[in-house]
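So the protein sequences, as listed, match chains A and B.
Here the first sequence is numbered in the working numbering, starting from 39 and rising by one per residue.
Here the second sequence is numbered in the working numbering, starting from -16 and rising by one per residue.
Since the hints were derived computationally from the structure, they do not count as laboratory data.
Don't be surprised by glycine CBs; every beta carbon is placed ideally from N, CA and C.
It is possible that some hints are incorrect.
Below, computed lysine to any residue pairings styled on SDA-like, alpha-carbon distance capped at 25 Å [stated by the list, open to error]: (1) B/Lys23 with A/Ser172; (2) B/Lys23 with A/Leu180; (3) A/Lys187 with B/Val30; (4) B/Lys23 with A/Glu229; (5) A/Lys166 with B/Leu22; (6) B/Lys(-11) with A/Glu229; (7) B/Lys39 with B/Thr24; (8) A/Lys166 with B/Val30; (9) A/Lys331 with A/Val146; (10) B/Lys34 with A/Ala194; (11) B/Lys(-11) with B/Leu4; (12) B/Lys(-14) with A/Leu242; (13) B/Lys23 with A/Ile173; (14) B/Lys34 with A/Ile186; (15) A/Lys182 with B/Gln27; (16) B/Lys(-11) with A/Ala239; (17) B/Lys34 with A/Val160; (18) B/Lys(-14) with A/Gln243.
With beta-carbon atoms standing in for the labels, derived distance ranges [as the list claims (entries may be wrong)]: (19) A/Tyr247 with B/Tyr0: 40 to 50 Å; (20) B/Phe38 with A/Leu72: 51 to 61 Å; (21) B/Leu(-5) with A/Phe98: 28 to 38 Å; (22) A/Asn270 with B/Val(-6): 39 to 49 Å; (23) B/Phe54 with A/Asp273: 19 to 29 Å; (24) B/Leu4 with A/Phe61: 45 to 55 Å; (25) B/Leu4 with A/Trp154: 35 to 45 Å; (26) A/Ser225 with B/Tyr73: 17 to 27 Å; (27) B/Phe38 with A/Ala221: 15 to 25 Å; (28) A/Leu180 with B/Phe18: 20 to 30 Å; (29) B/His61 with A/Leu320: 43 to 53 Å; (30) B/Ile28 with A/Gly300: 22 to 32 Å.
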Amino acid sequence: VSNLRRLLDRESVVGYLFLVPAFVFLVAILGYPLVLGVRLAFYEKSLIYPISNFVGLGNFQELLMDPTFWMAFKNTITWTVAITVVSIVLGLIMALILNQPFRGQGIVRAIWLLPWAIPTIVASLCWKWIYDPSIGVLNYILLKLGIIKEPLLYIASSSTALVSVVIVAAWKSYPFTMLALLAGLQSVPQELYEAGQMDGASALQRFRYITMPLLMPVIGILTILQFIWNFNHFDIVYQLTQGGPGDATMLLSTYVYMVAFGATRLGYGSAIAVVMLIVLMLFTVIYLRLHKKQNAEVSL
Amino acid sequence: MIKNRKALQRVLRLLLYVLILVITVAVVFPLVWMFLTSLKTRDQIFVYPPKFLDFKPTFSNYTQVWVELGFSRLFFQHNLCCNMDYRNQYCCGYSGWI
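Extracted from the complex, chain A is given alone in its bound form (with noise of 0.2 Å):
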């Protein structure tokens, strides 16, 4: 008894115990399934037969000459790293406009916050109205602008489908950038604009020396997030195109639903979603690193 009493005085035991709930949720809910699905990537699983049977890397091996899967890695890459140029330039575009003091500006502010705010799944329905090759209203504006001179089919034509819902994830992610960029901006010390028009720095100087680099840490974390976001990302493209048409706009999280529940082979979705694990966990510990050094940084 006084042993257990001594190791209850110590400040750090009594710590651990308050964690233990904590800890045996996360355990539960995040740990087990991890592990079930890792282990399932090395397994021959279907929904529809009473296999399961260990096939070691063999998964994994298929994985390497499915030319679906290397396409939608292709794909992946495209979206992700377009998205994220995408939104973080718009964002950027648009935090700058909104920095300046102008008439309506909360008006403006709230609306063009609108996107982020609507669920993903009305954004793709409008969209996908919008896109209609025939009656799609996208078409008409276009054609009465004069900007294309045929009619295009967007999401139904295999050149175009990945640029259109890349624009529609754009659209739908661009407010977060802009709202954490503006916050940044407004962040920046007036004073240092004011030393700098003093010293005879341009608009546009005053833009590359000051905003830019004090920018710099938040475009930072913006980008690795939005990465990691959009590398999942999976409701926008499934709702507009189920990754069709052939494989023109089939993401790594599309192809994964695709093969574990469309053809319920559970193993070899599980090894696909094990390769996107394996991609997101570097990302997470860039953002990590970043999001410590920078949290040394403000210490400093």
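Dock chain B against the given chain A, drawing on the hints supplied.
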């Protein structure tokens, strides 16, 4: 020189407003279009060229959603989920802060 500067500022200001307008239209258009479509009947939706404002708005879609789909019940359930999530975020916020 100073006069030129002022004129330049005004032009820049005008450009800023034009830019804001263009971006706003581009960003909100899908939502506006969705809203307009919600006021159309089936026949008015499936026409080319699409009708922008020259149609007789109807609220029948809304009454249909409310009555036949039981929108109020769905809305209640949705809010229940949001409420739970809100509590969750609230607690997580504190634990993150600690």
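We went through each hint and held it up to the structure:
Distance hint between lysine 23 of chain B and serine 172 of chain A is fulfilled; the C-alpha atoms sit about 18 Å from each other, no more than 25 Å. A C-alpha spacing of about 22 Å is found between lysine 23 of chain B and leucine 180 of chain A, which places the hinted pair at or below 25 Å, so the restraint holds. As the CA atoms of lysine 187 of chain A and valine 30 of chain B are separated by approximately 20 Å, the hinted pair is consistent with the 25 Å bound. Proximity of lysine 23 of chain B to glutamate 229 of chain A is assessed by CA-CA distance (about 54 Å); at most 25 Å being required, the pair is judged violated.
Of the supplied pair hints, the one linking lysine 166 of chain A and leucine 22 of chain B holds, its CA atoms being roughly 18 Å apart against a limit of 25 Å. The hinted pair formed by lysine -11 of chain B and glutamate 229 of chain A meets the criterion: a straight-line CA distance of about 24 Å does not exceed 25 Å. For the hint linking lysine 39 of chain B to threonine 24 of chain B, the alpha-carbon distance of about 9 Å falls within 25 Å, and the restraint holds. Pair hint lysine 166 of chain A plus valine 30 of chain B holds up; C-alpha atoms about 16 Å apart against a cutoff of 25 Å.
Restraint check: the Cα-Cα separation between lysine 331 of chain A and valine 146 of chain A comes to about 35 Å, which exceeds 25 Å; the hinted pair is violated. Pair hint lysine 34 of chain B plus alanine 194 of chain A holds up; C-alpha atoms about 23 Å apart against a cutoff of 25 Å. With a C-alpha separation of about 23 Å, the suggested pairing of lysine -11 of chain B with leucine 4 of chain B holds against the 25 Å cut-off. For the given pair, lysine -14 of chain B sits about 22 Å from leucine 242 of chain A by alpha-carbon distance, which is consistent with the 25 Å threshold.
Distance hint between lysine 23 of chain B and isoleucine 173 of chain A is fulfilled; the C-alpha atoms sit about 14 Å from each other, no more than 25 Å. Between lysine 34 of chain B and isoleucine 186 of chain A the CA atoms are separated by roughly 20 Å; this keeps the pair inside 25 Å, and the hint holds. The suggested pairing of lysine 182 of chain A with glutamine 27 of chain B holds, with an alpha-carbon distance near 20 Å, which does not exceed 25 Å. For the hint pairing lysine -11 of chain B with alanine 239 of chain A, the CA-to-CA distance comes to about 19 Å; that is within 25 Å, so the pair holds.
Distance hint between lysine 34 of chain B and valine 160 of chain A is fulfilled; the C-alpha atoms sit about 21 Å from each other, no more than 25 Å. Of the pairs offered as hints, the one joining lysine -14 of chain B and glutamine 243 of chain A holds, with about 24 Å between alpha carbons and a cut-off of 25 Å not exceeded. The supplied range of 40 to 50 Å is broken by tyrosine 247 of chain A and tyrosine 0 of chain B, whose beta-carbon atoms lie about 28 Å from each other. Distance hint check for phenylalanine 38 of chain B and leucine 72 of chain A: the Cβ-Cβ separation is about 53 Å, which falls inside the suggested range of 51 to 61 Å.
Distance hint check for leucine -5 of chain B and phenylalanine 98 of chain A: the Cβ-Cβ separation is about 58 Å, which falls outside the suggested range of 28 to 38 Å. Under the hint 39 to 49 Å, the C-beta atoms of asparagine 270 of chain A and valine -6 of chain B, about 45 Å apart, fit the expected range. The hint said 19 to 29 Å for the Cβ distance between phenylalanine 54 of chain B and aspartate 273 of chain A, and at roughly 22 Å that hint holds. The hint said 45 to 55 Å for the Cβ distance between leucine 4 of chain B and phenylalanine 61 of chain A, and at roughly 53 Å that hint holds.
Between leucine 4 of chain B and tryptophan 154 of chain A the CB atoms are about 20 Å apart, so this pair departs from the stated range of 35 to 45 Å. A hinted range of 17 to 27 Å for the beta carbons of serine 225 of chain A and tyrosine 73 of chain B is consistent with their spacing of about 25 Å. One distance hint, 15 to 25 Å for the beta-carbon pair phenylalanine 38 of chain B and alanine 221 of chain A, is violated here, with the actual separation near 42 Å. Under the hint 20 to 30 Å, the C-beta atoms of leucine 180 of chain A and phenylalanine 18 of chain B, about 21 Å apart, fit the expected range.
The given range of 43 to 53 Å is broken by histidine 61 of chain B and leucine 320 of chain A, whose C-beta atoms sit roughly 37 Å from each other. Between isoleucine 28 of chain B and glycine 300 of chain A the Cβ separation comes to about 31 Å, which falls inside the hinted range of 22 to 32 Å.
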